[in-house]
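Enquirer: The primary structure of each chain is shown beneath.
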Amino acid sequence: MHRLFDRRIIFVGGKGGVGKTTIAGALALMAADGGRTTLLVSTDPAHSLGDVFDMPIGNEETPLGPNLSGLEIDPEAEAERHIATVKMSMKSLVAPKMYGAIDRQIELARHSPGTMEAALLERMADLMVDARSRFDLLIFDTAPSGHTIRLLSLPELMAAWIDGMMSYRDRSRRLGEVLKVFSRDQSKEDGFGMIGGSQDEPDDSRDGRIKEILMTRRRKFHRARELLTDASTTAFLLVLNAERLPILESKKTLDLLSKFNVPVAGMIVNRLLPPDAGGDFLRERRLQEDEYREEIDQTFAGLRRIYLHLLPHDVHGVETLREIGEAMAEQLGGAFGAAKAP
Amino acid sequence: MSAIVLAVIGLVAISSGYFFYSKFIAEKIYQLDPDFETPAHTMRDDVDYIPTHRIVLWGHHFTAVAGAAPIIGPAIAVIWGWLPAFIWVIGGTIFFAGVHDFGAIWASVRNRGTSVGSFSGDVVSPRARTLFMIVIFFLLLMVNAVFAVAISDALVASPSAVIPVWSAIAVAIVIGVLIYKVGVPILWPTVIGTIILYVVIYVGDRVPVELPEVFLGLGAAPQWIVILFAYALVASLLPVWLLLQPRDYINGIQLIIGLGLLFGAVFIANPTIVAPAFNTNVPEGTPPLIPLLFVTIACGAISGFHGLVASGTTAKQLNKETDARFVGYLGSSGEGLLALVTIIAVTAGFASLAEWEATYTAFGTTGIATFVAGGSTIIAAGTGLPVEFAATLLAVMAVLFAGTTMDAGVRLQRYIIQEWGTIYKIPTLQNGYIATFLAVGACLALAFGAGGSDGQGGMSIWPLFGTTNQLLAGLTLLVISIMLVKLRRRYIFTLVPMVFVTIMAFLAALYQLWDLFTSQQYVLVGLDILIVIAAIFVLLEATSAFFREKRAAAAPSG
Amino acid sequence: MKWADIKEKLRWCAYLASEAYNMPYRSTVARAKREQDDLFMLLIFSEMMGIPNPATYYTLELQPIMLERFHDWHTRMGMEHSPLDGFRCC
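The listed protein sequences derive, respectively, from chains A, B and C. Quick note on this note's numbering: the first sequence kicks off at 1 and runs consecutively. Quick note on this note's numbering: the second sequence kicks off at 1 and runs consecutively. Quick note on this note's numbering: the third sequence kicks off at 1 and runs consecutively.
There may be inaccurate statements among the hints.
Unchecked claim - Here are the simulated DMTMM-like cross-link-like pairs (lysine to aspartate or glutamate), alpha carbons at most 25 Å apart as the crow flies: (1) A/K252 - A/D230; (2) B/K181 - A/D170; (3) A/K87 - C/E61; (4) A/K220 - A/E156; (5) A/K251 - A/E156; (6) A/K97 - C/E68; (7) A/K91 - C/E61; (8) A/K220 - A/D126; (9) A/K211 - C/D72; (10) A/K97 - C/D72; (11) A/K211 - C/E61; (12) B/K425 - C/E35; (13) A/K91 - C/D38; (14) A/K87 - C/D38; (15) A/K259 - A/D163.
Please keep in mind that the hints were generated in silico from the structure rather than gathered at the bench.
Next up, chain A with everything else stripped away, as it sits in the complex (with noise of 0.2 Å):
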């Protein structure tokens, strides 16, 4: 986690309740409070960003403090966009009396199965592409740990359909050329009661367009992917538990992550029992809590790790954010980086 805070986008994630957003929100504060313009991203379809900064949050920009603004991305309303998109261009195509057939045809791409998370994908690449130049960082809070993981690997995925698209487009243009050659001298010769085909004009500003659209697709998957992977710029944190099963999803998220080259910078033990908290109950429960403890040391010996205590109260407000930052701070000293920006 050295110089967290020098990174332009972090990532956390982890297992569903374990306290993601409260961190990131934390993580969030602490960084405007520092001096750096921060933009704080929900990708979780159950947002709970507004609930933890008490205000409402929507699909736009809102700020949420001075250098703070929060965003809930909809992805329905992503998605949305982009279908209104594409049925406006067919319906520039055919009589009016086929829109209805076209709305309805289109309507069931938006219940296809990768729509959301592609949509939610577009809109989280245009902020990491585009945001950065408003804003020194970045902070995603993800949705619970599977989603996040194959939401990072579609770049990926889609950088190699998208370069079987193309490859296909091509060689469909290289037998068009050789085509042309062949057809050379056929215009001319109407006079013998020959017409020459004449597909060639319209077919060259169609093949222009689809790979216009296709490259503009291909270079952002391949952009998205760059900044996921540099470590210099990209950071994902991972918050668990120390319970059973947020850390056996700790490791396989771990290995995912590894497998698709995201840096991950450390994680988050959040939510252990407080040391002074009394009571039989408390001390078989903190015994517990301590073999997890063990484990979660052993297991992930080589990540820089931080202990968060369960606080008396809700989080809930901007003050509370403030404390837990300063717990974080406290356990890495200089290690998020320059309090200002430089």
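Once you have looked at the hints, place chains B and C on chain A.
Expert: What follows is chains B and C alone, placed relative to chain A:
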């Protein structure tokens, strides 16, 4: 007797055939309609279906079908004397081949431009279609194998042709690059390329090339066979504009020049035919005249192979239905002319009967080399060109023809294999390289399997090739006849050729079964049996369809 | 014979020669190109035909462009009518 007499009779007969008989068939039987919208127009997609000028189409059809077969066939068949071969070639061209090729185009045009194999499914039955396809595949297999053998024999016999033949390939590549990459318009590269080719032919005579007698256990001819298939493999994988396209074009030019030279020389030199009209002194082991004559000469009299070309591509590009007569009938007439001039070359190109008999010592040993020897003598006598030059010219012409047919055949086979891969879900077969290797491998296996490692017996495939060819022709004619029955027209003009050709082909197949068996050519025996069985099934299906349609047509309507 | 007539004859010969040269192979290449395009078309419209495609979001934006060729394509694939229930081009 003077060769000019034969030439004149042949030319007059074939022209009359075109002007009178084909007109009759076109108007009364096929009833071509100049206003009928051909598939080239109704299904136009600028890929397969494009209306094409009839002269261009004729040129393509003609050069596609005119190969080495009208040369090899007659060169072998005159062993029975020139008269039987002459009658079969002329009569066959006028009454059989013309009607067949012409009819195949017409039938295909009226069936949305599909190939004969495909629409036999509609006209006869779906089962007939599968069997048809099997026969076609075997036909292709044999074409490739036998032509490979014929070419390699020719190259061994004419070492002076080796360099010119391969230079022709080089010239083709240069022309291809010039026209495609550099963009030079057609005429100049054509003229210059042709001139260069003939210069190389002149030079090639000084630099004969012979392969070592034994190399890796193979004799000279088998070595050539391997080289040829390697060439066919490479040719089918290179871009078409580089080699195949210009090479086809050069072939066409060579054909016209060669034919012109030969006929011209005949009329000037007036050679005498030394071979007997009817050979009473046939060498031992020569098969009987009937039925073998009719399968030894296929192309040039009637050939099922043409039906494939005619209905496969030509029909899809026919501009007006009336063009079918020009393209189909005249196309086969042109081939008949090539066969005719071959007969003259191999019977009048010798100094005396004794010399002729010394060449015709056994059935199947004569071929391209004989044509080259006889033809060059005549050309030399008629035009004053040196005899070696003429010989090399003819050898190059014949070899290049056979080569074109070979790599077209390899490509067709590759498509069929790839189609089987898709139908039977075998992914490896769908790969272009693998399919080509398989096609070439199968043909090689046949070429060597029939000929042994010394390749000597390779030409024994020839009569089997002829048989299959004629069976296919018979089937095509039957399908056309069925169509005529459905249309309530006179079918006798297609049915009589069909019956004749089929009976002869069957008899020949039976004879060969016995002949190949006794000479222990078991591979060919197996092939023979398979083909005959497939053909019998199709015949049965088609015949029952024929009578079914007859009954339906005869029944009072309404 | 006038020079113009000769030129006309030559032009006609050149046309024939050029067609003789190009015609046979034009089809071969055109067919290969069409096969590539058909494959591409299938991939773009696969979701609409009921074949699940994880890349639907991305094929969607290419569909309007391919729409013009869709009718020709499905006819060629052997489907007499449009395979899409919602979208009847014919």
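Enquirer: For each hint given before, does the structure comply? Return the numbers of the non-compliant ones in rising order.
Expert: none
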